[in-house]
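Novice: Residue strings, one per chain:
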Amino acid sequence: MTYHLEFSALLPYWQDLAWGLWFTVVLTVVSTVAGIAVGTLGASARSFGPPWLSGLVRVYVELIRNTPFIVQLFFIFFGLPALGLKLSETTAAFIAMVVNLGAYSTEIIRAGIDAVPKGHIEAGVSLAMTRLEVLRYIVLRQAFAKIYPALSSQIVIVMLGSAVVSQISAPDLTYAANFIQSRNFRAFEVYFVVALIYLVLSILLRYLLRLIGDRFVRVG
Amino acid sequence: MSLVSIRDVRKSYGDVEVLKGVSLEVEKGDVVAIIGRSGSGKSTLLRCINGLETYQSGAILADGIEVGGEHANLRELRRHVGMVFQQFNLFPHLTAAENVMLAPTVVNKTPKKEARAIAAEVLAKVGLSEKMDAYPSQLSGGQQQRVAIARSLAMRPKVLLCDEITSALDPELVNEVLRVVEQLAKEGMTLILVTHEMRFARDVGTHLVFMHHGKVHESGAPKAVFAAPQTPELQQFVSGIG
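So the protein sequences, as listed, match chains C and A. 0 is the number of the first residue of the first sequence in numbering that gives the first Met the number 0; add one for each residue after it. 0 is the number of the first residue of the second sequence in numbering that gives the first Met the number 0; add one for each residue after it.
To be clear, the hints were calculated from the coordinates, so they are not data collected in a lab.
Some chain C residues near chain A, calculated using beta-carbon distances under 7 Å: (1) Gly118; (2) His119; (3) Glu121; (4) Ala122; (5) Leu126; (6) Ala127; (7) Met128; (8) Glu132; (9) Ile137; (10) Arg140; (11) Gln141.
Calculated pairs, SDA-like style, for lysine to any residue (alpha carbon to alpha carbon, straight line, at most 20 Å): (12) C/Lys117 with A/Gly140; (13) A/Lys108 with C/Arg135; (14) C/Lys117 with A/Ala167; (15) A/Lys108 with C/Tyr136; (16) C/Lys117 with A/Leu45; (17) A/Lys124 with A/Thr94; (18) A/Lys108 with C/Leu131; (19) C/Lys117 with A/Gln86.
We treat Cβ as the ideally placed atom computed from N, Cα and C, and that holds for glycine.
Using the sequences and the hints given, assemble the complete structure.
Specialist: So this is what it looks like as structure tokens:
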């Protein structure tokens, strides 16, 4: 049996792919920014917060890091309505992504905070800075510089992992691929092209993260 | 009233009492050198003065502010009590000038331009005008420590606490730091130094405090104390270091 490749079968669907790509990009950017914000707060609370808050953050981090992303997504989209919280697939996708990256980045940023010498905190405090000012101007700056490569990797992982949101019909790139191949039955072509798009997206994202790192994150 | 007044301060870590009732009065312009073996409590005492360590009983007043008191006072206290550390503790992500400018801009809300002028002034004072835009990693240990001194001076402290500030330096770099401290002493800065530099303590200090087992064991004018130590412990300590 021979299979004739027919990439032109995708052409009528280019808009679906473009919208899917756009959704994936927006989803990645928003969840990266929000997820790192959550991670920064989480790591700060974990390192400097009162014991009850630190413990709460720890439970959150362990819960998310030890369960599959797709189960978290299903829980938010299919499970929460049972409690009366009904979310659209797009909202559920964004929330699941932020919650997931938030937990991973909490752990990564915390490692960076731990690596800042205690003496730097004492020096900041001795200069009459408050704990919060020391955290902001001294600790987090150094922490981010130290863990930036690890955080970059996690962002790329999250971008690729975002394909899972297609399972609740959030209209991302993978959802578009599923849709197209259900119409034209050109599974090989569709997934081949979509895989290439993810590959290019990854490479561009890594490049962009490196530029941002060179520009804003000084290792010292 | 004394600029720094330490009254019968006691501190323990668990069962171990490291300060067993220390009293010390420091007047404006004094240069107090605290010497003693490691573990005698001298660094702990210094760190109590600006609230880096807490103590269980007694009282410390610095510039009229009770150190062991309410939290709100510590920030105000530290604006007037600078500290320089053995390990420099420069912020590696900031240049020398930025290290110096940070506290004035963040704590005192000094405008950037004005803070930069302060940085230029204090870095000139420590002889590092040409290193303003260098990062700590590009500086020698002696230069880093001088930046750390400048960083404290930028807050215009009334007292400067120096915690073994030359102990982490290569021998040939010690003098450039001591010269800066000596200059500060000449200009009337009140200094409390924990130090192992006996010659410096004798020549620059106005008061010498020998700590032993968590107490002020002997104190007085440095030259007199060194020339004729009264207690066997100090005699041994002084002869031990030659």
